[in-house]
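**Student:** Chains as they are written, first to last, in our numbering: chain X, 1 to 396; chain H, 1 to 91.
Among the clues, some could well be false.
[As the list claims (entries may be wrong)] Simulated pairs of lysine-lysine, DSBU-like, Cα-Cα distance not exceeding 30 Å:
#1 X:LYS57 / X:LYS204
#2 X:LYS57 / X:LYS128
#3 H:LYS18 / X:LYS359
#4 H:LYS42 / H:LYS5
#5 X:LYS104 / X:LYS128
#6 H:LYS5 / X:LYS359
#7 X:LYS93 / H:LYS42
Source of the hints: derived by calculation from the structure; they are not laboratory data.
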Amino acid sequence: MPKTYTDLLREAREEIPEVTPAEADALRQAGRAGVLDVREASEWEQGHIPGATHISKSYLEQQVEAAFPDRDQKIVLYCAGGVRSLFGAQTLKELGYTDVVSMKGGFQQWKSQGLPWQQPTVLTKEQKDRYSRHLLIPEVGTEGQAKLLESKVLLIGAGGLGSPAALYLAAAGVGTIGIIDFDVVDASNLQRQIIHTTDRVGTKKVESARKSINALNPDVHVVAHEEMLVADNVARIIDGYDVILDGTDTFETRYILNDAAVAANIPVVHASVFRFEGQLTTFIPYQGPCYRCLYPTPPPPELAPGCSVAGVLGVVPGIMGLLQANEVLKVLLDLGETLSGRLLLFDALDTSFTELRLKRDPECPACSDKAVAARAAGTAPALASDSGVFTLGGVR
Amino acid sequence: MSVVKMPSVLRPNVGGAKEVEVGGGTIGEVIDGLVASYPALKDQLLTPEGDLNRFVNVYLDGQDVRYLQGRATPVGERDEVRLLPAMAGGR
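Whole structure, please, built from the sequences with the hints as guidance.
**Tutor:** As structure tokens, then:
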């Protein structure tokens, strides 16, 4: 005699243990179970349990082994009302999963009990096309792309380093790109600052950069800070950004930025260039060294001329700027190993990279435990260098 | 003899060489030997008191000598010493 739906449901109930939403939440929060949402994509997009994995019931057999490789891991399945998850759990048992349970009442009951849920960022059709090569990478995917679209990156300078970085970060879909630059486009910039164009010579760099970015990717919101970064405005300007890309040209700005970023706990991806050479590292406050740990004091001007004095091969800031963009994306997506604690040297003449190891300075006036305690107590001393301009938020 | 890698800003002081060979059993001796051979480097590398300037980092085989034993850090025959001042350029 053929079975009815009622028969199948009764059998599933007999075979699969059920948990209440509160019990499922406790398991989830304790990290004792994976949570698997088996609803359709359109339901998932309306909201889901935080941290849940989504595999539509129709794709369970094909995709679950990749998402849950450990067959002995406890898995809580849920759907909208608690029926599809029972049948889904049976499928998992057939696949050899040993500890699967179904959430009674499903997501409807979860929500009605006031338990936490979140709505995923849903990519539009245009975004799915634009970012398809990112979406194909498992480590990025929709979630990573959504993270990028919600991210805010501040570029200090729309110059040699900032130009290539801005274009690639914009192309990658970083949702907000702040640019601080008070300069106007000069013909001599165009040999390397590829975000600007010949017909924009004489216009503000932030506006020129905005045009190029928006022409490349209208998803990106450009915040133009047309001012000079100084001790008095740095905390205001960097506030709210996830990562800062340091592409400035002076030590003064680099130290001001470092001190404020350390205090605000914002990672800074640093690069600098000189003729055929570049240096690159990532400063993650309190995890690795900061700029002052690396260079406690600036060199005299004759030992560290900027590009306008010394010159630079145009591709060198291009290469270094793109390596910075790579670091920024890794920090935003929490992928791979950043250059925190490592200084990468690039020599364009040899086409060689050299890596040096960096350490936190236990006496660092910006990021040491002592400095943190002093800041918390409001007794942080102003930092002064030989030239007297490098302060911790004091006088410039 | 250890090899001292010269950053390009300092190369004019050593006749344009990318690297020079200097004898010495410690970082201090290597730096002193370097300055003896190329006196123009003295002000760049050393304070008036003869200490290493803080704006030039010295790495021995990739490690900052500040976190080893400073001037007293032993240098082996085939070790690589690298001088590295901060760079400003970015625009």
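**Student:** State for each hint whether it applies.
**Tutor:** Cross-check of the supplied hints:
1. X:LYS57 / X:LYS204: With a Cα-Cα distance of about 54 Å, the restraint between X:LYS57 and X:LYS204 is violated, given a limit of 30 Å.
2. X:LYS57 / X:LYS128: Measuring from Cα to Cα gives roughly 23 Å; hence the hint holds.
3. H:LYS18 / X:LYS359: holds (26 Å)
4. H:LYS42 / H:LYS5: holds (16 Å)
5. X:LYS104 / X:LYS128: violated (34 Å)
6. H:LYS5 / X:LYS359: Cα-Cα ~21 Å, so holds.
7. X:LYS93 / H:LYS42: The given pair, whose Cα atoms are some 76 Å apart, is violated under the 30 Å limit.
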